[in-house]
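Throw the hints in and build the complete structure from the sequences for me.
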Amino acid sequence: AAGNMSAGSGSRNTNTEPWGSFDDNLIQGGGSAVIDMENMDDTSGSSFEDMGEMHQRMKEEEEVAAEAAATEDDNTDDGEFLGMKGIKGQLGRQVADEVWQAGKRQASRAFNLYANIDILRPYFDVEPVQVRSRLIESMIPVRMINFPQKIAGELYGPLMLVFTLVAILLHGMKTSGTVIREGTLMGTAIGTCFGYWLGVSSFIYFLAYLVNAQITMLQTLSLLGYGLFGHCVVLLVTYNIHFHFLFYVLWLLLGGLSTLRMVRTTFPISPSFPLLSCDLTVCVCVCVCVSGGGPAVSNSRSHSSAAPLWDSVAAPHALPALPALRLPQDRRRSDMTSLPVVMSLNRHLLSESHFLFVVSGLLDSLEGPNMAPMQRVARDVPELTLNATLRIQGALLRAR
Amino acid sequence: MAAADEASRPFAGLSDVSISEDIPVEGDISVPMGSSRRDDEFSTLDEPVKETILRDLRAVGNKFIHVLYPKRSSALLRDWDLWGPLLLCVTLALLLQGGSADSDDQGGPQFAEVFVIIWFGSIIITLNSKLLGGTISFFQSLCVLGYCIMPLTVAMAVCRIVLVGGSGPVSFGVRLVVVTASFGWSTFASTAFLADSQPANRKALVVYPVFLFYFVIGWMVLTFSPAQ
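As they're listed, the protein sequences go chains P and Z.
Numbered per UniProt numbering, the first sequence finishes at 400, counting up by one with no gaps.
Numbered per UniProt numbering, the second sequence finishes at 228, counting up by one with no gaps.
Hints may be right or wrong, so weigh each one.
If you want a taste of the chain P side facing chain Z, the calculated C-beta under 7 Å gives, among others [as the list claims (entries may be wrong)]:
no.	residue
1	R121
2	F124
3	P128
4	A167
5	I168
6	M186
Chain Z residues, not near chain P, derived (Cβ > 12 Å throughout) [claimed, not checked]:
no.	residue
7	F64
8	L82
9	G184
10	L212
These aren't lab readings, by the way, just hints derived from the structure by calculation.
In this text, a Cβ means the ideal position worked out from N, Cα and C, and glycines have one as well.
In structure tokens form, the structure reads like this:
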């Protein structure tokens with residue numbers, strides 16, 4: 001190619017063709033896209049690379065020629081005014097064009113690498129009917145024994161529920177006139193909800209990994225997200241109808257239901273009777289624990305009128321658990337599958353008590369000056385002292 | 001020399017094929033870069049500033065009219081711009097400031113809250129509609145959502161005027177009606193643009209976050225009470 005070009009340059013002056021030769025345009029590179037036909041047949045390497053290389057060389061020569069022309073123009077006197085301006089304008093525009101193209105290429109490469117949201121696309125592939133059925137299913141604590149894959153991994157529903165919860169919390173906080181000293185209302189609401197969703201589901205995934213339960217991160221995110229549906233409904237109703245008893249009943253009912261469902265689907269348990277009762281028992285105890293633990297983790301304030309209400313609601317729940325509570329002691333050593341249940345409930349206890357902390361704080365502010373805030377008391381719920389594991393939970397609560 | 005010449009001119013043999021040499025053929029075989037053509041279209045650098053501003057303002061005003069009468073036109077989508085949403089967002093945030101606050105530090109976060117809610121919410125809705133298979137681009141969607149805040153901004157202005165007169169139940173009733181109407185209008189206007197780009201059975205999935213978004217903003221407008 002080089003030989004060709006030099007020969008071409010040599011022949012430029014002696015050019016007799018009226019239409020010029022191909023080589024002229026190649027060297028001058030005055031915006032020409034004409035390519036030397038000979039190189040097309042070059043089979044020494046990838047012809048594409050050769051073309052690219054030649055194109056690059058053309059551009060470089062063009063730039064060099066343009067720069068040379070620019071400096072030349074700068075040095076000479078201003079000849080024909082318009083002609084000069086035309087060349088300079090053209091030059092400037094070409095250079096700017098090159099810079100723009102290079103920058104655009106870089107930016108689009110970085111964008112495609114980092115901001116590729118197509119990774120999330122399959123998780124949003126749902127129909128409205130499916131979302132509605134999953135919302136209702138989240139309240140039904142069925143036992144999914146056979147296939148953990150049956151748990152749908154989907155992110156649309158959980159994401160929408162988290163945002164709905166944020167909106168409801170915001171509404172509640174504004175209505176009750178909560179003043180956040182360090183930080184904003186918005187930041188607190190978003191931080192709480194997203195932190196709960198992402199953090200607790202990571203923790204569940206970690207626990208599942210420890211006990212070798214085959215559940216993926218996506219499934220835990222999905223489960224926990226749909227579990228928020230019960231909480232959303234409770235909060236929505238009780239922020240508008242300020243009736244204590246209603247809140248506690250609804251919360252225990254709906255919250256407990258979705259908790260149960262989460263537990264049952266996360267750690268499927270074989271359908272044998274003692275384990276079934278152990279399962280039921282521990283689930284009920286969680287509800288009791290949480291309702292007992294709720295006031296324990298709130299700030300130290302004087303005894304409230306709501307405390308007897310806790311007891312009256314919690315006691316009937318604990319009564320059916322009494323006879324069944326002896327079973328875990330016998331089976332505990334021999335049966336390893338009770339361990340994940342207990343661990344999961346541990347985790348749920350923490351998460352529910354954390355959530356309850358937030359909610360009770362909101363409730364307090366909702367009440368205003370009328371209600372005396374709840375007392376920090378390590379509540380001694382006698383039924384729980386039977387099981388050593390549950391004692392540890394109590395200790396955890398007291399430490400909080 | 002002649003042999004070298006002939007070897008170096010690959011198509012030398014063709015010179016006597018078509019054209020006789022006494023007819024000069026003029027012109028340039030080179031393909032123009034096209035930049036000379038682009039000069040005429042895009043050289044808005046030399047026009048007076050007033051003309052640039054007026055052109056943008058006219059485009060923004062045109063889109064406002066499209067929001068007021070949401071017929072299915074593509075003007076909002078084709079030439080998207082974010083001036084209108086920025087203007088509306090800042091206006092709304094300024095109007096929402098100065099609410100009843102016990103302490104002084106509530107005034108600042110309120111502006112930031114509105115800003116964050118509007119822009120963060122718009123981005124989330126846009127991403128959601130893209131992930132659900134929408135055909136609309138990112139900035140077009142942001143543009144539509146931002147422009148459709150206009151009814152709520154108007155409602156906010158009306159509420160502020162009503163609140164000057166007093167804040168009894170009558171004024172609350174009036175404000176409730178106005179805010180509900182404008183919230184419905186906003187949601188309807190934006191879904192008229194956004195839902196068209198979705199497959200038919202998933203419109204509900206796109207409409208819900210839009211509904212939530214305008215509901216939150218409408219709620220903030222409704223619960224605004226001025227400082228005493």
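Now for the hints, and whether the structure bears them out:
1. R121: With Cβ-Cβ at 5 Å, under 7 Å, it holds.
2. F124: P/F124 check passes; min Cβ-Cβ to chain Z is 4 Å, inside 7 Å.
3. P128: With a minimum Cβ separation of about 4 Å from chain Z (threshold 7 Å), the hint on P/P128 holds.
4. A167: holds (5 Å)
5. I168: Since the shortest Cβ distance to chain Z is 10 Å, the answer is violated.
6. M186: holds (5 Å)
7. F64: About 27 Å separates Z/F64 from the closest Cβ of chain P, which puts it past 12 Å; holds.
8. L82: Z/L82 clear of chain P: closest Cβ-Cβ about 18 Å, beyond 12 Å.
9. G184: holds (18 Å)
10. L212: violated (6 Å)
Hints 5, 10 from the earlier list are contradicted by this structure; the remaining hints agree with it.
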